[in-house]
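Place chain U on chain R using the hints.
Respectively, the protein sequence lines represent chains R and U. Start counting the first sequence at 1; every next residue gets the next number (my numbering). Start counting the second sequence at 1001; every next residue gets the next number (my numbering).
Be aware that one or more of the hints could be misleading.
To be verified - The calculated BS3-like cross-link candidates involving lysine-lysine, where the alpha carbons are at most 30 Å apart (straight line), are: (1) 90/R with 1359/U; (2) 1100/U with 114/R; (3) 113/R with 1343/U; (4) 47/R with 179/R; (5) 58/R with 201/R; (6) 1161/U with 113/R.
I should point out that these hints are in silico values taken from the structure, not numbers from a laboratory.
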Amino acid sequence: MCKFKVVTKIVILIFLPLVTLSAISDNLDGKAIATRAYHVEDGKDLKAKVSMTIFENKKESKTRSLELFRIDDNQNDRVLIRVCMPQLLKGTTFLAWNNQNKASDLWIYLPSKKMSRRIAESAKYQSFVASDYTYDDLSKISLTENSFRRLPDSGGFFSVEVIPNKTDSFSKKIALVRKDNFIVEKITFYDKQNNPFKIYKTLELKNIQGIWTIAKSSLSDLKNNSETILVLEKIEYNSNLSKSFFNSNNLERACSL
Amino acid sequence: MQFIREILFIIALIVLTQHLFAADFSGKYSFDGAANKEPMLQQNQLQANGNYSFSMFESKAALRLKHDFILANDTEMEFSIEELFIVMAPNELIKITAGKKLTFFSKTDEINPLDFATPEDYSYFLHFDKAQRAMANNLLQIDLLLTDTANLSFFYFPEHKKNKLPAAESQWSTNTQWDLSRYQIIQDENGQKAQTAAILSLVDFFGDWSVVAFYGQPLLPQYEKVLVLSPTPSIYFKESTERHFASGFSWAHATSFFTFRFEYAYHTNNSYIADEAYLNLPRPYYQTVGAIEYLAESGFACNLQYVREEIIDYDIVISQKQIVDFFTLQLSDSLAIDELLYKFRFALPATSNEGFYGKLLLEYSVGDHYLISGGYAFFTGEGLDGLFSQYKNNSYLFAHLSANL
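Same shape as in the complex, but just chain R (with noise of 0.2 Å):
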């Protein structure tokens, strides 16, 4: 009797926290997945180096180096990604602060021209570096400018339809995100016509410095039947990057990394 007892207690043990997990997994509303995805442990700043190959009708066509670099005050968060490679684009610098609860505010720096200016928030979805990435695909979903809704759960992931609150680029996105730790596993992009035209998955997750690192992603274009692949490599996090290192004056710089 007391031998079942201990059994009793350790299968609770073991199974309550999963059945409560679970529990208030099935009581998370899209908005509320979106939140804990958006918060998920990325480190007070991380800086990487970003290799991007870019696949033309499945055959490799262009690759590219990058830098990023950001740094999180868990209000707002300011990205500066600089290009290394190739030659025609080299020292190309785009900088954005993501604010809260304004507009992005975003500035390029063009070696050509040799000086940093202040651009408009439409370049976020313009094509990054030739690549099938915009600068607002490498950027997290925001919570102000779009709707959550939750579907049914799909292959064991939590699913989440996104709709923008104002016209955008896409009418619709369906997020595939992990049940244990809020990484988005899968992103498939809807055109105005409702037919899927973009997929975005992540490929490779890495634990680094105890947080859970996209190494891997791709994202393909499914109507110019291109897909860029992105790997991180020397990922770095808390390393102590300044708020002075993202200032808009400050951009003209070597790659370092």
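Below, chain U alone, put in the same frame as chain R:
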């Protein structure tokens, strides 16, 4: 023989640069050609770039071999160090730059009121991008990061470099002194001039702001001949000086699709003999640019600017136009495929008989390394000394090829 020597020299330089700047080396070859009824320019450029970072230092070099070939004239070979500077950043709040460097203060397109200290090469109309026309200055620059949204920079230029104007016999020599800042004020100083500048830049809720102040005067005393008629006619020399002061500000604000820019600059240029103003035409003037840029998500871009220059204490003896104002328009978009772009630039003076200027450019990227472009630049109008009409016989076809390796 001299050509071969130059080629050997540049090859040696590239090899040396590659060794010195092994950390990051690149090269570029470009060809520009233009043709119309008159003999026109062909230009080959070979450029080597290097970056090297060590400890708190970052260095950069850009070396250029330029070969101008003007039909029916002699060829010219020129080797130049385009940029060569070192940056020292002992900490994140201060950055010190020394060497030969291009500097730009202005954020507007084509007409740049705040670029007080950037000499430009106007020899040919072939290069219509400012970065291609600009020439580097020797300088000492100190950048202070006051906060994460504010910068203060100081510049000291030990020597004044003049703008390079078209030769008098060139088809691009001007009949009018229309462009005050470029063709007039910066040119007419005596002797070597040292310049200083300071710029304060801020980012706030309303956008980007910068305030610029500039001052230049001769490094060494200059002497002017003075004629005295009584009691007995005599000539003697007095110390003279010429001072150029300029100040201005810029503002930029972006919304979802539009960016608004505004720049204003005020110049005074005064000459003195022993601190007394003499035969001096003060000619204070201002230059201002207002711009609206539209950027669609598709990539289509449109930029409309209004430009005004005005001499404030206008005096008929200086034989310049008191007011010059005009519009510029730039359009660009990709055609059918992302690699093929068109760009159209257009400028129209607001006053009559000045003509207008337009440039249509098609640009095609071949992979990541090659760029081919070509187009037509045209000038029209009736006036003999109009801003653009004076060049009405100079409309030309142009081609550009560059390889970046």
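Comparing the hints with the structure gives:
Restraint check: the Cα-Cα separation between residue 90/R and residue 1359/U comes to about 27 Å, which is no more than 30 Å; the hinted pair holds. Of the pairs offered as hints, the one joining residue 1100/U and residue 114/R holds, with about 14 Å between alpha carbons and a cut-off of 30 Å not exceeded. Restraint check: the Cα-Cα separation between residue 113/R and residue 1343/U comes to about 16 Å, which is no more than 30 Å; the hinted pair holds. Pair hint residue 47/R plus residue 179/R holds up; C-alpha atoms about 27 Å apart against a cutoff of 30 Å.
Between residue 58/R and residue 201/R, the direct Cα distance comes to roughly 16 Å. Compliance with the 30 Å bound is thereby established for this hinted pair. Taken as a hint, the residue 1161/U and residue 113/R pair is honoured in the structure, with Cα atoms around 20 Å apart against an allowance of 30 Å.
Checked against the numbered hints given earlier, this structure breaks none of them.
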